[in-house]
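Undergrad: If you read the protein sequences in the order shown, they are chains A and B. If you read the first sequence in the numbering used here, its first letter stands for residue 2, the second for the next number, and so on. If you read the second sequence in the numbering used here, its first letter stands for residue 88, the second for the next number, and so on.
One thing to keep in mind: the hints can contain errors.
[As the list claims (entries may be wrong)] Here are the simulated lysine to any residue pairs, SDA-like style, with alpha carbons at most 25 angstroms apart: (1) B:LYS503 with A:ASN216; (2) B:LYS503 with A:ALA93; (3) A:LYS112 with B:SER518; (4) B:LYS466 with B:SER518; (5) B:LYS287 with B:GLU301.
Worth flagging that the hints you see were computed from the coordinates, not collected in a lab.
Residue-level listing of the chains:
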Amino acid sequence: MALLEIKNLHVSLEDGTEIVKGVDLSVDTDQVHAIMGPNGSGKSTLAYALMGHPAYEITEGQIFLDGTDLVELGADERAQKGLFLAFQYPYAVPGVTVAAFLRSAVNAIRKARNGGVDDPVPVKEFRLELQTAMEKLGVSRDMASRYLNEGFSGGEKKRIEILQMAMLRPRIAVLDETDSGLDIDALRVVAGGVKGLVGPETGALVITHYQRILNYITPDFVHVFVDGRIVAEGGPELAHKLEADGYEAFIPAGVTVGGEE
Amino acid sequence: MAVTETEVVQGIGSDYEVKYGFHVAEDYFFKSGRGLSHELVDAISSHKDEPDWMRKFRHESLDYFYARPLPTWGGDLTGIDFDNIYYYIRPTEKQANSWEDLPADIKDTWDKLGIPEAEKKYLAGVGAQYESEVVYHKLKGELERQGVLFLDMDSGLREHEDIVREHIGTIIPQNDNKFAALNSAVWSGGSFIYVPPGVKVDLPLQAYFRINAENMGQFERTLIIVDEDAYVHYVEGCTAPIYTSDSLHSAVVEIVVKKGGRCRYTTIQNWSSNVYNLVTKRAVAHENATMEWVDGNLGSKLTMKYPAIWLMGEGAHGEVLSIAFGGAGQHQDAGGKCVHVAPNTTSVITSKSISKNGGRAGYRGLLEVAKGAHGAKSKVVCDALILDEESRSDTYPYIRIDENDVDIGHEATVSKIGEEQLFYLMSRGLSEAEASAMIVSGFVEPITKELPLEYAVELNRLIQLQMEGSVG
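Sequences and hints are given; from them, build the entire structure.
TA: Take a look at the structure:
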């Protein structure tokens with residue numbers, strides 16, 4: 002079994018509207034997968050549902066991470082098992098500094114991995130690790146003592162998402178439109194962060210509307226996502242084809258896309 | 088904040104019952120009968136061997152108490168059974184200045200609350216009140232030599248009668264309100280502090296108030312005088328056992344800050360949820376003096392408390408930082424008052440209230456600028472965080488301005504913890520309780536960052552406790 006196995010996943014909104022309509026997908030270690038799709042195709046819903054957002058109900062299917070089905074688990078438990086979601090729109094938490102937040106999150110995950118027994122990261126070790134990661138990602142030092150996402154620019158938010166990913170060292174990282182609204186420098190940082198993470202223990206799933214980020218991360222697999230389903234799959238060349246020809250060729254007859262996601 | 092986080096997380100799993108809610112056997116030197124009377128007032132005064140003017144002050148005050156109706160605003164006070172309360176308990180015959188000299192049960196209580204340890208680590212002086220009397224009191228010798236007075240109020244009256252007589256009841260008249268009158272009639276214990284001109288007391292002085300008996304009434308009386316250009320930070324904490332019937336805590340705190348002086352008064356109120364906490368606190372700030380109230384209310388059944396500052400001298404500055412956390416069965420009617428009497432005075436009131444599990448927390452405050460207080464500046468910020476649908480928050484910001492040349496700002500916000508914000512934090516591995524506690528800690532951070540580290544940790548830990556819903 003691959004590291005992440007999504008099997009026949011169906012996701013509905015609270016009002017019963019089905020958004021994700023049967024997705025099968027495997028992501029293994031050392032792999033980068035890209036999910037590309039037009040606005041309104043349900044990409045973000047898929048990302049939220051993987052992470053366990055309470056507003057999205059999984060009506061059918063399974064999500065296996067390292068052989069454990071995540072469907073019945075809360076977002077905290079999924080994170081503890083090694084799933085990470087880089088948010089398209091990260092939330093602000095006034096009064097809580099980036100450093101304090103990261104330390105709590107790192108400790109929560111360490112505790113879970115230590116069988117529920119506290120195993121706090123030594124303060125010095127944490128500081129050093131944080132500094133190193135911040136330097137690598139080009140995050141200025143003062144960001145550590147700013148309140149999480151409060152008053153951050155779009156680019157700062159995305160960098161901090163990647164910083165969190167680097168610090169939490171997930172097994173599977175899902176990046177939801179992390180490239181949107183980024184300049185080239187930031188895009189390089191994000192791509193570098195993903196590349197630095199993916200390896201013998203880790204895989205990544207990059208969700209995007211544009212091919213742009215894929216110029217910096219070459220995906221091993223590309224999945225075209227339309228109307229809640231994967232409609233085509235291929236190698237990195239598929240991304241270029243999409244960029245050149247658009248999504249129209251993949252949109253089934255009778256389906257309108259482009260609505261609110 | 089970063090340093091405190093570990094300790095906050097370590098606080099998870101502890102609860103009020105174990106840490107504070109215990110009680111020990113009563114083996115007291117003297118315990119009055121239940122109920123209030125002029126005879127009781129006489130008994131208290133005789134026990135303390137007080138001068139006649141104080142005995143008279145008490146009797147007058149009791150008459151004021153009888154004459155005044157129960158307030159009908161704020162919280163519901165009709166549940167207080169004044170006849171069922173013990174108004175005076177003297178646990179030991181003598182005050183100790185060594186923890187070892189206390190009876191074992193009482194010493195154990197202080198050990199459990201961590202007071203002797205705190206004294207060693209970061210305090211300049213400690214007063215520990217158990218029921219009606221301060222059973223332990225000590226001030227660092229160095230401060231004594233500088234002329235700082237830090238005594239329990241009864242000793243203050245005995246040893247510095249002239250100062251007490253000059254000030255008591257002048258900031259808060261004995262007939263100020265029903266509960267100030269009650270305190271004036273039956274007061275016992277509390278702190279008496281005098282800081283001479285120019286003396287800065289760097290480490291905090293702390294008083295800790297403990298109720299042990301059921302249906303106890305605790306009525307400490309505190310008088311603080313900070314002389315010119317002097318500084319003191321006074322901190323008080325309080326806890327009580329959990330009983331099924333009610334206790335009453337009604338303190339009066341009077342403070343004078345003279346020219347150029349500064350006083351900071353920090354309260355971390357953590358009474359069990361069967362205690363009515365009805366306290367009158369008022370300070371007078373003279374020319375260029377600064378008075379700061381940092382008022383954290385986490386415990387009690389009902390708290391009505393609005394620390395006040397009268398800015399009487401030109402250039403005086405007042406600050407009230409208030410946190411009110413109302414959990415299940417609790418009502419925190421907290422706030423602050425700033426009255427600008429002199430020109431070019433400034434004040435800031437910052438209130439953060441949190442309500443949860445059907446609790447009620449709010450802000451009630453007064454900002455007043457008298458005619459002639461030109462150039463007065465004030466800012467009032469009240470933020471409320473409501474954690475669930477059953478809980479309630481109220482804001483009553485009274486503002487009275489009788490002067491044109493002023494600069495007044497008022498902001499109020501009400502927010503709820505959003506599902507999205509929680510999901511975001513939980514997606515990083517934090518449990519729902521940890522995530523909520525983090526949001527609440529962040530919400531009150533503008534106030535906790537003002538506190539010395541030890542108290543910031545304590546406050547965050549108590550918030551964590553409240554978030555687990557295990558208080559009282």
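Undergrad: The structure should be examined with respect to each hint, and the outcome stated for every one.
TA: Going through the hints against the structure:
1. About 42 angstroms separates the Cα atoms of LYS503 of chain B and ASN216 of chain A, which puts this hinted pair outside 25 angstroms; it is violated.
2. A threshold of 25 angstroms between alpha carbons decides the hint, and for LYS503 of chain B with ALA93 of chain A the separation of about 14 angstroms falls inside it, so the pair holds.
3. Between LYS112 of chain A and SER518 of chain B the CA atoms are separated by roughly 11 angstroms; this keeps the pair inside 25 angstroms, and the hint holds.
4. For the hint linking LYS466 of chain B to SER518 of chain B, the alpha-carbon distance of about 37 angstroms lies beyond 25 angstroms, and the restraint is violated.
5. Proposed proximity of LYS287 of chain B and GLU301 of chain B is contradicted: the alpha carbons are some 40 angstroms apart, above 25 angstroms.
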